[in-house]
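Line by line, the protein sequences give chains Z and R. Using the working numbering, the letters of the first sequence map in sequence onto residues 1 to 312. Using the working numbering, the letters of the second sequence map in sequence onto residues 313 to 587.
To be clear, the hints were calculated from the coordinates, so they are not data collected in a lab. Fair warning: there could be bad hints in the mix.
[Stated by the list, open to error] Some chain R residues near chain Z, calculated using beta-carbon distances under 8 Å: (1) Arg321; (2) Val498; (3) Val501.
[Claimed, not checked] Calculated lysine to any residue pairs in the SDA-like style (CA-CA distance at most 20 Å, straight line): (4) Lys329(R) with Phe396(R); (5) Lys59(Z) with Phe579(R); (6) Lys329(R) with Lys59(Z).
Yeah, the Cβ is synthetic: ideal placement off N, Cα and C, and Gly gets one too.
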Amino acid sequence: MHAIQTFDLTKRYGTRAVKSVLAVDRVSFVVEQGQVFGFLGPNGSGKTTTIGMLVGTIKPTGGGFDLFGASGPEGLLNARARVGATLETPNFYPYMSGRDNLRIAAGVKGVGRPRIEECLELVGLSARAKHRFKTYSLGMKQRLALAATMLSDPELIILDEPANGLDPQGIREIREIIRTLADRGKTIFLSSHLLAEVERTCSHVAIIRNGRIVTSGAVAEVVGGGSAVLLRAEDTDALAGAMEAYPDASSMRRTGEGVIAALESGDLASVTRYLAGHGIYLSHLAPYRPSLEEVFIDITRGAVDPMTEIAS
Amino acid sequence: MKILGVLLRIEWLKAAKRRTFWVAVGAFAAFTALPVVERVRNARSDPNAVYALPESWPDILGSATGVGPLFVGVLMILLFAPEFSWRTARQNVIDGLSNERFYAGKAVVLVGLVLLFMGTTVLIGVGGTMLSPGGGGPGFIRPSDLSYMGGLALGMLVFGSAGMMLSAHLRSSGSALAILLLYLFVEEVVTRLMLGAEIDALRGAAEFLPFNLVEDLGDDLAHYPDVLEGVNADRAERGLAPLAFLKVGVLAVAALTYSASFLGRAFLSMRRRDL
Ligand SMILES: Nc1ncnc2c1ncn2[C@@H]1O[C@H](COP(=O)(O)OP(=O)(O)OP(=O)(O)O)[C@@H](O)[C@H]1O
Ligand SMILES: [Mg+2]
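Given these sequences and hints, build the entire structure.
Here is the structure:
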């Protein structure tokens with residue numbers, strides 16, 4: 001059973017053609033229940049807009065989506081009772097205490113008082129719960145937002161850059177909370193810039209650029225799906241030149257380590273034979289697994305590398 | 313029905329924790345109570361100056377109509393518009409209210425404000441006369457007093473709905489307040505121009521501008537024909553033209569029409585736009 005499914009979800013801000021912005025362009029993806037799904041993209045790529053549509057604060061201008069299989073205004077309103085979410089920054093009443101702010105959210109969600117205390121405890125805010133929200137540090141605000149999303153013990157938790165502005169300790173705390181939630185079988189959908197973080201916490205990932213999904217799938221597939229190899233030889237220039245002309249290499253780039261090439265066939269023996277034929281003898285040949293960051297940079301730079309483009 | 317209870321609870325919590333809310337309510341109470349205190353003191357020292365219900369209603373309601381509608385309009389803006397800049401309207405919707413329900417919550421606030429201000433006014437009136445020696449005429453309240461109270465409530469409703477419309481459209485309390493005050497000023501000027509023109513139709517229409525309407529509804533002369541008669545007799549002696557007021561029913565229908573259209577505009581804007 002899937003938690004989120006979008007089909008050709010589209011948002012164009014503004015109605016006048018000259019000034020309108022196509023923020024999200026025919027985005028389709030599926031988040032299965034139990035997944036920790038990372039939604040990656042550079043600034044302005046449409047992450048917040050996509051999440052805004054899922055949580056009901058932004059009206060799509062095209063396509064659609066369902067939550068737990070439910071769609072339509074009434075269906076989504078009911079399905080959202082099973083969802084906890086925050087969008088962009090923590091949004092609270094600045095003049096109210098952390099606890100009172102949670103009372104508002106709990107009122108909307110129909111949750112009782114004991115649960116408020118539990119959630120405050122869970123994010124370590126109990127001691128400061130009676131202080132006004134506007135006196136909180138950024139980390140405390142983020143943690144209060146996390147507490148608010150967990151109030152109704154939702155099955156699906158949607159977080160827009162939960163680690164934004166946190167120090168390493170804070171990021172680690174958020175990671176631990178997310179892991180705990182995932183272990184309890186919750187579905188988590190989070191957007192982030194922190195690639196290493198996503199690689200560590202997420203099971204699945206989608207990368208969005210200019211409002212379009214460029215790749216999505218299991219993290220292992222996205223980073224290791226292509227049969228890329230790292231090659232080294234005495235004369236790197238000659239090696240690069242030869243690989244450029246090699247018909248089976250769908251892409252090639254030089255790095256400090258040597259030459260990384262994506263092989264369509266994955267046939268290593270042919271590569272060594274081909275290079276030896278050109279008088280180049282390899283000192284190193286190994287399968288190459290890029291980090292998510294490399295994949296991300298590659299893709300979002302615009303050079304959509306087939307070695308990382310996975311059909312989902 | 314359950315949702316109404318939820319809206320009432322969260323909106324009450326939001327307002328009750330807000331200092332601005334209590335300052336505004338307190339200021340309104342003070343404005344309304346001060347003349348009453350003065351009258352009660354007079355009545356205590358001067359046996360001829362009786363201060364008792366129902367005769368004192370026009371007095372009490374008169375001071376409440378002076379500031380009540382504007383206070384409700386301003387408070388409505390202060391309780392609504394910041395929800396956009398704080399993005400708490402957005403969070404309320406994420407938490408499970410729909411845009412329509414969020415709007416309904418603010419409509420509950422409007423009704424609550426009108427009731428609260430009316431209640432405060434009545435309480436001050438009753439309290440004042442209880443402290444004052446001497447009794448009034450028969451009964452506690454006369455039909456004209458009820459009509460005047462209705463006029464006060466309608467005035468608050470018109471201003472409050474205008475506050476809601478401005479909040480929903482402008483989404484910032486600063487601009488909403490500025491536009492409200494600017495509009496009051498503009499209407500004042502336009503009214504003067506319309507009345508100055510020697511065209512009857514224009515003069516008649518001026519009375520139907522929203523805030524002139526509220527002013528008429530809050531004028532005791534519109535509700536107490538005997539007082540109006542006295543004033544006009546006095547004016548005739550001084551060679552002035554008599555004052556005339558539209559029927560309260562006509563004023564009321566016009567006020568309700570304005571209020572409904574303001575609320576409708578606010579609703580459409582809430583429904584259409586992203587948060
Ligand atoms: N209310 C709006 N009106 C007009 N354009 C908007 C609006 N909100 C967002 N946009 C535009 O839509 C595009 C996507 O914005 P969005 O906030 O979804 O990006 P994002 O991926 O969340 O970026 P970031 O990583 O910086 O948070 C951007 O070009 C942005 O300028
Ligand atoms: Mg964003």
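key: Violating hint indices (sorted, rising)   = The structure conflicts with hints 2, 3, 6, although it agrees with all the remaining ones.
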